[in-house]
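Asker: Listed below, chain by chain, are the residues.
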Amino acid sequence: MLFNSPVFIFLFLPLTWVSFAILVRWIPGRKRWPIGLLLFSSLVFYGWWDYRYLALLLGSIVFNYGVGLLLSKPKPKRVLQWILGFGVGINVFLLGIFKYLDFAIESLNAFSGTEIEPVGIVLPLAISFFTFQQIAYLVDCYSGRVKDSSFVNYALFVSFFPQLIAGPIVHHGEVLPQFNDPATRRIDWDNVACGVFLFVLGLAKKVLLADQLSPFVQAGYGSPGALTAGDAWMLSLTYSMQLFLDFCGYSEMAIGLARMFNIRIPVNFLNPYRAVNLQDFWRRWHVTLSVFLRDYLYIPLGGNRSGSIRVGLNVMLTFAIGGIWHGAGWNFLLWGLLHGFGQVLVRVWRGAGRRMPLMAGWVLTFLFVNAGWVFFRAPDFGSAWTVLAKMLGVSGESGPGLGYITNPFLIGLVGVSAWVSLFLPSTRRLVEMRPGVIHAVVIVVLFVACVMRLQDHSEFIYFRF
Amino acid sequence: MMKETDSEELPLALIRIGRSSFGRMLGWLYRPVSPRGWLWSVGVSITFLLLVIGVFNYTVDSKLFFLSGGTKEVIRQGAENVMEGRAVVLIPIDNLEQRFFQRCVIEAMDAPRECVVLGSSRVQFVSSGSLGMDSREVFNHSIPASGIRDMVAVLGMYRLQHGRYPDRIILGLDPWMFEPYETEFRWVSALADYRAAAGGIWASQGWSGEGIHAGFLYARKVWRLVDWGYTRDNLKALIKGESKSRLLLAVDPGKVNEVPYHVIYPDGSREWAFPREPDGSVSAESARALGLDHAASRMPDFGFQDKRLRMLRDVIRYLQESGVGVQVLIPPMHPDYIGCLGASDYLESLRRLDAQLVDLCGDLQVERMGGFTAIDGLGPGDFFDSSHPAKWVYDRLLSSISGNPSSSGVQDEPSD
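Protein sequences, first through last, are from chains U and L. Okay, so the first sequence: first residue is 1 according to my numbering, each after it adds one. Okay, so the second sequence: first residue is 1 according to my numbering, each after it adds one.
Derived from the structure by calculation, the hints contain no laboratory data. Do not rely on the hints blindly, as some may be mistaken.
Below, a sample of chain U positions facing chain L; criterion: calculated Cβ distance under 7 angstroms [as the list claims (entries may be wrong)]:
1) A193
2) L430
3) R434
4) G436
Some chain L residues well away from chain U (every beta-carbon gap over 12 angstroms; in silico) [claimed, not checked]:
5) P35
6) V74
7) M133
8) W223
9) D227
10) D314
11) D345
12) R351
In this text, all values refer to a predicted model and were calculated from it rather than measured experimentally. For every residue, glycine included, the Cβ atom is placed at its ideal position computed from N, Cα and C.
The shape of chain U in the complex, shown without the other chains (with noise of 0.2 angstroms):
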């Protein structure tokens, strides 16, 4: 069940909200029953999709929770690792085989000229997304950090439907507490007005522009040879708008709909071609994982704390499994290499005690961050290779053209979305705003417009992760 879709808007989401609403204001003895129905709901919500890899996902969720309840008892320390590491690498072995057993398959095949029938599984929705919050929570209990052991807890902390298709990246400290929080059980209008606002925004950004930018997209990704150099351009700015406007409406919609609940869960954009710099970049971009990586991979290799090799070695690593988490392709792990050098080059930078004017570094940035979404969204290195070559005015020969920048339609819709991603309030911003006059106009407006384009709805990007 896709966000944008009427069968989630107009049946699934007030359905399930008027049965918490009803069990909080009639039924307020049993405190559990609200818990249980949001499980419930998304479950529903992800059997929507294909019901037969429910079972993996419960399956996951009973697994983790028992290797969380083994971690959580006192035993020598010895033991305890064995079983994180038994838990993590069931995880990663998990991931491996639905994720990237094809593509190590494939890539055998291209290096080594064997012939094995790649085994065509159907990549489980969110499995990257759940797995990585599980891993977290088994190495938080390890650490003895996890104080919730409630099995309904647990469960919708996974699987919470906002949340478990494309995150963010939620981490238990931040949802087990609310679970069992009274705040969470009752009806806060306040939150509801926010909610609303929020998913009505994130709708029409989906909606209203990064759908609309999508065709582009995949015209000029299908056929890159035929793009002159200012096509290439034209394409390469508008799939850095259509990815962030899917992505950021995808993630205030998730915040949104949480807080309809009265569940807060952490923001993921903070207006990131805002960026002066890529550690900026970073913090602004796919928070949520970007403070995973952090946490559970970077400070864990050794951080900043050894050599500048060695930090710059970790950086690259940090970046490089950032990067094939997005994908099981080359081109995402020679995108994450990307970031993960551009980072290398900005400590260095610094370390030298240079400074940068704001200006050129916002430029400097988006300009670099524009060109790894190449990497990013084309099909294959030849067609990356190809539009970064038109780009750069060093293709050698252009095509006869596809009128991008020739386009009006494009170029105002390039040019609405710019100033949304670069103008509007960042979420942080938008979950604090109280919500007026001039919001409703607006909302109204915006959700009047997205209904009527609902009946082509399309899928998100990040659900591909």
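The hints should help you fit chain L onto chain U, whose structure is shown.
Answerer: Showing chain L alone in chain U's frame:
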């Protein structure tokens, strides 16, 4: 007493008034309101706006989705003209409206014609002449982009209007009828008719999922009331309202070749205006383009194909049980189209389909004419575009059936 403002102070005073008004307005717009009131006002405003849009779309209904639009009477008049023996010009009307046109034709009939043709645009050229019959004995109900459900819907129109089916039905098939690429949503404008026949076809076989499917489609149909695309169509129709009044005009038989649009003859067959070089080169070019596109983009879906074949089998069997003589017409695809499919999986799926249709017709003892990949001596010039054979091809395919009922047209087995 008010302070007087001299002429030099006036602009500043106006700015002050403007500023304070603007400031007050801004303050009012941004003033936080109670969240409950905010939610209520948002909900009520959204509902109101959607209702207004829905009522607008229902009233204009330019494509007769809801059979409430103002073009109904024009189309009905066109259908009556056809029934009175006049050819009419079809100013391009949407596929959805063409389903309503068929319904109007059936309503205007005193009794079902002896023989009817059902299918898509690929069989719209089949005429009474092709069948060696009088134009009052035949009607061609073909609808562009038709699927098997469209055929069922036309049968439902007969059932609802006349309580019986014609004596003889020719089912014209397309490869796309057996693929998920079919635009099956279009037939939803004939949903009620479809259900009238589907009840008879599938009721005896228990659960078929058709009821659920129709229910989903109905929900999607209602959704069109607030769909942006349909609102835009209706706005355009409202602005260009006069073009609709020229729909389906009767045309002088002597001037049929001069009109730029489709002509519908009294037997329901069509004449299309189409640009074509004398050597057929334009048709070959479009066939090659389509072939290359399909070879690259269309993946065979045998599960879907089998489902549709079962559906077709059910329809034929039901018609046979109802005493209707059924014949299956399979117009061949353009040889250049087939050539461009090369060794693709899609060509294999077409051959498989041909073979399965041979089996199906054999099992049900139904007369079959032609085959999608069965091209016997046809050249590019015998087609006028990528998939539509010229009229003489149909004449040739169909001429055999009146004299030799067991003949199967171009050849008995699909070519390899």
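Asker: Look at each hint and say if it fits the structure.
Answerer: Comparing the hints with the structure gives:
1. Evaluation of the U:A193 hint against chain L yields a held restraint, the C-beta minimum of about 4 angstroms falling below 7 angstroms.
2. About 14 angstroms separates the beta-carbon of U:L430 from the nearest beta-carbon of chain L, more than 7 angstroms, and the hint is not met.
3. The closest approach between the C-beta of U:R434 and any C-beta of chain L is roughly 4 angstroms, which is under the 7 angstroms cut-off, so the hint is satisfied.
4. For U:G436, the shortest C-beta to C-beta distance to chain L is roughly 5 angstroms, which falls under 7 angstroms, so the interface hint holds.
5. For L:P35, the non-interface assignment is contradicted: its Cβ lies about 4 angstroms from the closest Cβ of chain U, within the 12 angstroms cut-off.
6. Look at L:V74: its CB is around 27 angstroms from the nearest CB on chain U, clear of 12 angstroms, so calling it non-interface holds up.
7. Every CB of chain U is more than 12 angstroms from the CB of L:M133 (nearest about 43 angstroms), matching its label as outside the interface.
8. Not every Cβ of chain U is farther than 12 angstroms from the Cβ of L:W223; the closest lies at roughly 6 angstroms, contradicting the non-interface assignment.
9. Non-interface status of L:D227 relative to chain U is broken: a Cβ of that chain comes within 12 angstroms, the nearest being about 5 angstroms off.
10. For L:D314, the requirement that its beta carbon stay farther than 12 angstroms from each beta carbon of chain U is met, with the minimum near 28 angstroms.
11. No beta-carbon of chain U is positioned within 12 angstroms of the beta-carbon of L:D345; the least distance is around 16 angstroms.
12. A cut-off of 12 angstroms between C-beta atoms confirms that L:R351 is not in contact with chain U; the least separation is 25 angstroms.
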